[in-house]
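Enquirer: Single-letter residue listing:
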Amino acid sequence: MPPLPAGRVLAVVTAPADVLSIPCVDVDPTDPAVMALAADLIATQRVSPGCVGLAANQVGIGWRVFSLDVSAHPKARVTHGEYVLVNARVVSASRQEKSREGCMSVPDFTGDVKRASQLVVSGFLPGSGEEVVLETDAFEARALQHELDHLDGLVFLDRVAGAHAIYPRKTYL
Amino acid sequence: MTATLAITVLGLDRPGIIAEVTGQLAELGGNLQDSSMTLLRGHFAWTLLVAVDAGPADVQARLARLTDEGLVVSVLVLPEQSPGGVDGTEWLLSVHGGDRPGIVSGLTAPIAEAGGNITDLTTRLGAGLYILVAEVSLPGDVDVTALTSRIAEVSAQLGVRATLHPAETDVL
Ligand SMILES: [Zn+2]
Numbered sequence: 001m002p003p004l005p006a007g008r009v010l011a012v013v014t015a016p017a018d019v020l021s022i023p024c025v026d027v028d029p030t031d032p033a034v035m036a037l038a039a040d041l042i043a044t045q046r047v048s049p050g051c052v053g054l055a056a057n058q059v060g061i062g063w064r065v066f067s068l069d070v071s072a073h074p075k076a077r078v079t080h081g082e083y084v085l086v087n088a089r090v091v092s093a094s095r096q097e098k099s100r101e102g103c104m105s106v107p108d109f110t111g112d113v114k115r116a117s118q119l120v121v122s123g124f125l126p127g128s129g130e131e132v133v134l135e136t137d138a139f140e141a142r143a144l145q146h147e148l149d150h151l152d153g154l155v156f157l158d159r160v161a162g163a164h165a166i167y168p169r170k171t172y173l
Numbered sequence: 001m002t003a004t005l006a007i008t009v010l011g012l013d014r015p016g017i018i019a020e021v022t023g024q025l026a027e028l029g030g031n032l033q034d035s036s037m038t039l040l041r042g043h044f045a046w047t048l049l050v051a052v053d054a055g056p057a058d059v060q061a062r063l064a065r066l067t068d069e070g071l072v073v074s075v076l077v078l079p080e081q082s083p084g085g086v087d088g089t090e091w092l093l094s095v096h097g098g099d100r101p102g103i104v105s106g107l108t109a110p111i112a113e114a115g116g117n118i119t120d121l122t123t124r125l126g127a128g129l130y131i132l133v134a135e136v137s138l139p140g141d142v143d144v145t146a147l148t149s150r151i152a153e154v155s156a157q158l159g160v161r162a163t164l165h166p167a168e169t170d171v172l
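Chains as they are written, first to last, in our numbering: chain A, 1 to 173; chain B, 1 to 172.
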């Protein structure tokens, strides 16, 4: 990924904020404002304990941009390091697996969610606007789908696996 | 004064029970909090907490139509104290095997002895097959290996299969 300007740490919004339920809009990946947002997402993600990804609407901005870094996570297999993607979309998804996930924007609950464990995603790098296609699996696949859901206006509660698959979150990272 | 009431509704299931109960509570200005409902062999079973500016007797009276048709409704005032919990690690206990007396007591006793707390529980009886799934919080200092072997011992005695695995949550 091309170098980004220094980012600011932004406040993470929590449900039921409207911005989390509205699909984000495509933006120009070469726009300096998009590059600045990319830097802010990375900066915010880095200072948030346990945070492996952040969607733009989680910091209150309805643009189709997210950051991700699962490289330090024990469940990750394929990883692509720390990056930001703009206007990203799922190309293909297969092999559903159920797992329990939480979200910084839903701090009091966790839930069981089925997600594909084999995933191909395409998107654009901020700054250069270069199109990239990422093929990944396991935890990076899950995290990508969680962030892309945010950009579509969905949180994990929208995909929960059953009426008894929501749990109070007792431990905070 | 607004109190938190615990309401239970039990009885033969039919469509519309939840809509009727919540409709009556809404007319009392009640604010629903946590609740859990399931069917137990066709019987409707619901426990709910509601913050409402009305006493248990008023709520009972509002739900009289349900009791008239045979549903059992109880309403009690919840004490104003924060419940204690276990701060530690989260686990999932799943058990299945031939039905016989003592499965639930046998497998939950070692957890209780270890200071563990069951935070969610489902048991089901199929055609001779008994199933238990429990969410368990274990204190940080519990010897999980010892607990796992105690559970294995008990399940061998009972002739059932039991597994205790971590219920990990990944924050995304
Ligand atoms: Zn999230």
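It is worth saying that the hints were derived from the structure and are not from the lab. Any given hint might turn out to be false.
[Unchecked claim] Facing chain B, from chain A, some residues (calculated, C-beta under 8 Å):
| id | residue |
| --- | --- |
| 1 | G53 |
| 2 | R95 |
| 3 | Q96 |
| 4 | E101 |
[As the list claims (entries may be wrong)] Just a few of them, taken from the derived set where beta-carbon distance is under 8 Å, the chain B residues facing chain A:
| id | residue |
| --- | --- |
| 5 | D53 |
| 6 | E135 |
| 7 | S137 |
| 8 | A167 |
| 9 | T169 |
| 10 | V171 |
Nothing here was measured: the structure is a model prediction, and the numbers come from that model. For each residue, glycine too, the CB sits at the ideal point set by N, CA and C.
Enquirer: Are the hints correct? Go through all of them and say.
Expert: To see whether the hints hold, each was checked on the structure:
1. G53: 6 Å, holds
2. R95: Violated, about 17 Å.
3. Q96: 16 Å, violated
4. E101: Since chain B brings a Cβ to about 5 Å from A:E101, closer than 8 Å, the hint holds.
5. D53: Violated. Min distance 24 Å.
6. E135: 7 Å, holds
7. S137: This hint holds: B:S137 lies near chain A, its Cβ roughly 7 Å from the closest one there, short of 8 Å.
8. A167: Cβ of B:A167 sits 6 Å from chain A, so the hint holds.
9. T169: 4 Å, holds
10. V171: 4 Å, holds
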